[in-house]
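**Student:** The listed protein sequences derive, respectively, from chains R and A.
Under this note's numbering, read the first sequence as residues 144 to 508, first letter to last.
Under this note's numbering, read the second sequence as residues 32 to 360, first letter to last.
Relax, there's no trap hidden among the hints.
Under the rule of at most 20 Å between Cα atoms (straight-line distance), these lysine to aspartate or glutamate pairs were calculated in the EDC-like manner:
1. R:Lys497 <-> A:Glu252
2. R:Lys237 <-> R:Asp264
3. R:Lys242 <-> R:Asp264
4. R:Lys364 <-> A:Glu322
5. R:Lys230 <-> R:Asp243
Chain R is faced by these chain A residues, among others (derived, beta-carbon under 8 Å):
6. Leu53
7. Ser60
8. Pro62
9. Thr174
10. Val178
11. Ala186
12. Gln305
13. Leu320
14. Ser336
15. Thr339
The following label-pair restraints were derived from C-beta to C-beta distances:
16. A:Thr308 <-> R:Thr479: 21 to 27 Å
17. A:Glu165 <-> R:Arg259: 46 to 52 Å
18. A:Ile103 <-> R:Arg232: 53 to 59 Å
19. R:Leu174 <-> A:Leu202: 32 to 38 Å
None of these hints come from the bench; they were simulated from the model.
For each residue, glycine too, the CB sits at the ideal point set by N, CA and C.
If you want the building blocks of each chain, they are given just below.
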Amino acid sequence: MNEAMADTDRRPTPARGFWAEAWARYRRMPLAMAALVFVGCLGLVALLAPAIVGTKPVVCRYKGQIYFPCLAYYSRDLEPVIFSRDKFRGEYPKNLAAKDPESWAVWPLVFQDPYRAVRADEWPGRPANPARDQGRPSRWNLMGTNQNGVDVFAKMVHGTLVALLVGFVSMGIAATIGVTVGALAGYFGGWVDVIVSRITEVVMCIPTLVLILALLAIVEKPTIWKMMTVLGLTGWPGISRLMRAEFLRLKSAEFVTAARAVGAGPGRIILRHVLPNALAPVMVPITFGIAAAILTESGLSFLGFGQPPPSASWGSLLNDARSNLRMWWLVFFPGTAIFLTVLAFNLVGEGLQKATDPRLREARK
Amino acid sequence: MIHHLLRRLALGLVTLLLISFLVYGLIRSIPGTPLTVAVAQTDPSRRLNPADLERMKAAYGLDKPWYQAYFIWLSNVARGDLGRSISRKAPVTQLIGERIGPTLALSAASMFLTWAISIPLGLYAAARSGRLDERAVSLGLYTLYSVPTFVAALALQVIFSVRAEGTAWELPLFGMTSGLPHATTLGWLADVARHAILPLICMTYVSLAWYTRFINTNLQEVLRQDYIRTARAKGAGPIRVLVHHAFRNTLIPLATLLGLSLPALLGGSVIIEQIFTWPGMGRLFFESLRERDYPTIMGLTLLFSLLTLAGQLLADFLYAWVDPRVSLE
Chain R
144 MNEAMADTDR RPTPARGFWA EAWARYRRMP LAMAALVFVG CLGLVALLAP
194 AIVGTKPVVC RYKGQIYFPC LAYYSRDLEP VIFSRDKFRG EYPKNLAAKD
244 PESWAVWPLV FQDPYRAVRA DEWPGRPANP ARDQGRPSRW NLMGTNQNGV
294 DVFAKMVHGT LVALLVGFVS MGIAATIGVT VGALAGYFGG WVDVIVSRIT
344 EVVMCIPTLV LILALLAIVE KPTIWKMMTV LGLTGWPGIS RLMRAEFLRL
394 KSAEFVTAAR AVGAGPGRII LRHVLPNALA PVMVPITFGI AAAILTESGL
444 SFLGFGQPPP SASWGSLLND ARSNLRMWWL VFFPGTAIFL TVLAFNLVGE
494 GLQKATDPRL REARK
Chain A
32 MIHHLLRRLA LGLVTLLLIS FLVYGLIRSI PGTPLTVAVA QTDPSRRLNP
82 ADLERMKAAY GLDKPWYQAY FIWLSNVARG DLGRSISRKA PVTQLIGERI
132 GPTLALSAAS MFLTWAISIP LGLYAAARSG RLDERAVSLG LYTLYSVPTF
182 VAALALQVIF SVRAEGTAWE LPLFGMTSGL PHATTLGWLA DVARHAILPL
232 ICMTYVSLAW YTRFINTNLQ EVLRQDYIRT ARAKGAGPIR VLVHHAFRNT
282 LIPLATLLGL SLPALLGGSV IIEQIFTWPG MGRLFFESLR ERDYPTIMGL
332 TLLFSLLTLA GQLLADFLYA WVDPRVSLE
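With the rest of the complex left out, here is chain R (with noise of 0.2 Å):
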């Protein structure tokens, strides 16, 4: 009794605001954090892949410079022109001793490549990538090669960055949309919301494979990026009609009615008031999106329709092997590696909903 008459003498402390109370919770979720750190170091391997595999050294210094013809994976553009002007044609480790004795340079981890085989001997001593259904996992490949003899450990660790990049960019082109569309339907309601309605019934009743199977085909060569825009284009009446929700919910409060007796326009209700309030619940269906539009590009790929080769997608390994069933090895590792990341980010979208809804929370008392 005493202690409790102490505690509301003591000066209250500030209070914590909406995000670090809901990370607070999410903190104490063991499961949900270990998806996190997971998706950290998925963050980290697709970062730093040409630095963990790959053919071209990560630092070297060739005739008096020195050049960083590592960074080429991210974009052919970055290969340095020096390179090919000497005509090295993708062999570093023979042609800079040779065109260069002075030369050195830093080489990745493990030396091979997610886009060709590796030949006998381009590195000293390492033979050539076995081809057909003889590439089982080995010392010199880890996880094996594929029946054209590339390995998938390079494609597996380059892949990665391909897997993350199709999550964050779809989906964040798909939640741009979304809560855009969602909050202006939701606010001005009459019209605006009729029209955003049924189109948003529209783009949820067309069967999601023939959306994205026809744009696919109208853009022609789909690389990866145009992959993504797709995915982005037909992933958002989800997040839209959540978004409409909140906001219906919300624009009666009394918070935004003070806001409107202040005199604050609707651009600055909907964007100061009434988004911050109506974020956290969005949050967890995109991050179930990011998963799901994960799973769709590598089933994308699987079937076929995905970026057509040399590509490093997870899912165009296993696409590789429908027709080599022998080959185990082609199921396991991206498999596994599909299973692992959707369960992650499934796990912290799980975790996020119960840090942020206060209707979980309530029931947990």
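Based on these hints, arrange chain A on the given structure of chain R.
**Tutor:** For chain A alone, kept in the frame of chain R given last:
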């Protein structure tokens, strides 16, 4: 009620018109036509000469701009004619009729299995909530839910068709029958069943995990209600409380799910049917998209959208029907 139904039907019709218009425009802008794609794939030397191509285009109505062709298609549909497939030279309705059986067989069996397993499992999970065994089961189901179907399908093919080759566990890799003539109907049925095992597993495990979770969550919510405490207080046993008092109230959201699963029941799964070359609707759709077979794509899209809308309507009406507190007005 009637008023609400009419309003929904009218809105649904508008949506259907919009969808079909949009999809028609989309598929007509995909490069290649049914004529060029099919011929170029079989033999480049047999490519049609320009005059023949024009003649065939006119015969199939492909010479008109797509919006004009759309209205011709629409007026035919209004008269109950879905048109003829260009690449398969058969009426679209006949094609759908041929494919709907295999799809329905697979999806109905999968749905039956899902309900038959997930309801007891959901009840079990709710009864043992928080214990070690329940958490293990829930985690297992959650994990299962994140396994992509195409990964599972490939893994099953590797295990049961390649690794188990020559053993009693060997299962057919794809197709619906082995193609050999069967003396009896029973033998034919057994053959189809053997072919259906792997696709059936792939179709069932995801929905199984999802439904069990769904039932479990709903039960948990219901079990916190006051009337459950009342039932316990008056001495009802744990099983009676769970089945008689709690589970019956979770049937309400389940009714909605039943309605929403309508499109999957008849639409089939493109990926699973494609992997196991199961001659169903999903595969027909995939093939017709590849062949640019406009009438078939349109017929299937119309059917899928119709099913989606009907499913939503059914879900709402089922909801109002099982729960007297809900009114549609």
